[in-house]
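Using the sequences and the accompanying hints, generate a full structural model.
These protein sequence lines are chains U and F, in that order. Position in the first sequence counted from 1, then plus 20, gives you the working numbering. At position 121 of the second sequence (counting the first as 1) the number is 115 in the working numbering, and the numbers step up by one without a gap.
Just so you know, the hints here were simulated from the structure itself, not pulled from any lab data. Since we're looking at a predicted model, the values are computed, not measured. Treat the hints loosely; a few may be bogus.
Unchecked claim - Per label pair, the in silico range of CB-to-CB distance: (1) U:GLY33 x F:SER73: 50 to 58 Å; (2) U:VAL59 x F:ILE28: 21 to 29 Å; (3) U:ALA82 x F:ILE72: 17 to 25 Å.
Said to hold, decoys possible - The calculated DSBU-like cross-link candidates involving lysine-lysine, where the alpha carbons are at most 35 Å apart (straight line), are: (4) U:LYS117 x F:LYS6; (5) U:LYS42 x F:LYS108; (6) U:LYS145 x U:LYS129.
All C-beta atoms in this analysis are idealised placements derived from N, C-alpha and C, irrespective of residue type, glycine included.
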Amino acid sequence: MAEKITVMRSQLGRARGLGSAKAGAEHWGVTRISATALVPLSLWFVWSALGLLGAPQPAVAAWAGHPLNAALLLALIFLTFHHAQAGLQVVYEDYIKGTSRAAAILGTKAVALLLGLMSSLAVLKLFLAAH
Amino acid sequence: MSDIRDAQFVAKATDGTVVRRPLSPHLGIYRWEITMVSSILNRITGIALSVGSLVLVWWLLAAAAGPQSFALVQEFLISPLGLLVMLGWTAALFFHLFAGIRHLAWDVGIGFAKPGLNPVSWLVLAATAVATILVWAVTYARLEG
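What follows is the structure, given as structure tokens:
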């Protein structure tokens, strides 16, 4: 039986599972969106850090207790760790083969999640203590 | 064959013997261009910043924990090792920031013209140097003044 060929790719090639997983576009887009947001957020943080140079803990606590600063810090933390794990995933996908690739990706996501949550809790504590 | 993609390298020579096709030459034989440097630096600084985020985490956790813990962070940050780490941290941040802006421009189709590639690569490096020096000049003036 002669089937009409609509896909210029061998059935074996498709069955082997190489090629698009149909989920890459979102990863790509989210990396760009977080990058765009991190441009002003990073500049704000560097600016703020310069203002806090050598400042004692109470001054830093008061700064982080301000609603706007606390919100910007939470946004910076979320987007930084999201962007970091998304970027590191691409690096792993380029250089690591086999099952260790998945382990590296999932491990990094877990560490990024924990570090992000810990930092967020610290900001929340400083914010709540100031109010 | 450890990887099924290796199958693509199996071929027959004109005399019928099965041969493994050669790989095209890789990084080792090319002269380094500034575009290559800025491309790999974006990846390296991204990895460095991921690790460097630990300083931010430490700083925030210590600030939340209290004056004693915070004093410990500050002591580290103004130590020779701490200053070196933060110098690398700021340089990596500014490079990744400026190279990232360039990437975002590429994503909307700006900046692919061949004549601009080398100058813009140098511009990213120059902007990194200027921003880093500026931040550390302010740091020096504030901590010493």
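Tested hints:
1. Checked against the hint of 50 to 58 Å, the pair GLY33 (chain U) and SER73 (chain F) passes, with Cβ atoms roughly 57 Å apart.
2. In this structure, VAL59 (chain U) and ILE28 (chain F) meet the distance hint of 21 to 29 Å, their C-beta atoms being roughly 23 Å apart.
3. For the hinted restraint 17 to 25 Å between ALA82 (chain U) and ILE72 (chain F), the CB-CB distance of approximately 21 Å keeps it satisfied.
4. Our distance criterion of 35 Å between C-alpha atoms is met by LYS117 (chain U) and LYS6 (chain F), whose separation comes to about 28 Å.
5. Taking the CA atoms of LYS42 (chain U) and LYS108 (chain F), the gap is about 32 Å. The hint holds against a cut of 35 Å.
6. Taken as a hint, the LYS145 (chain U) and LYS129 (chain U) pair is honoured in the structure, with Cα atoms around 24 Å apart against an allowance of 35 Å.
When held up to the earlier numbered hints, the structure conflicts with none and fits them all.
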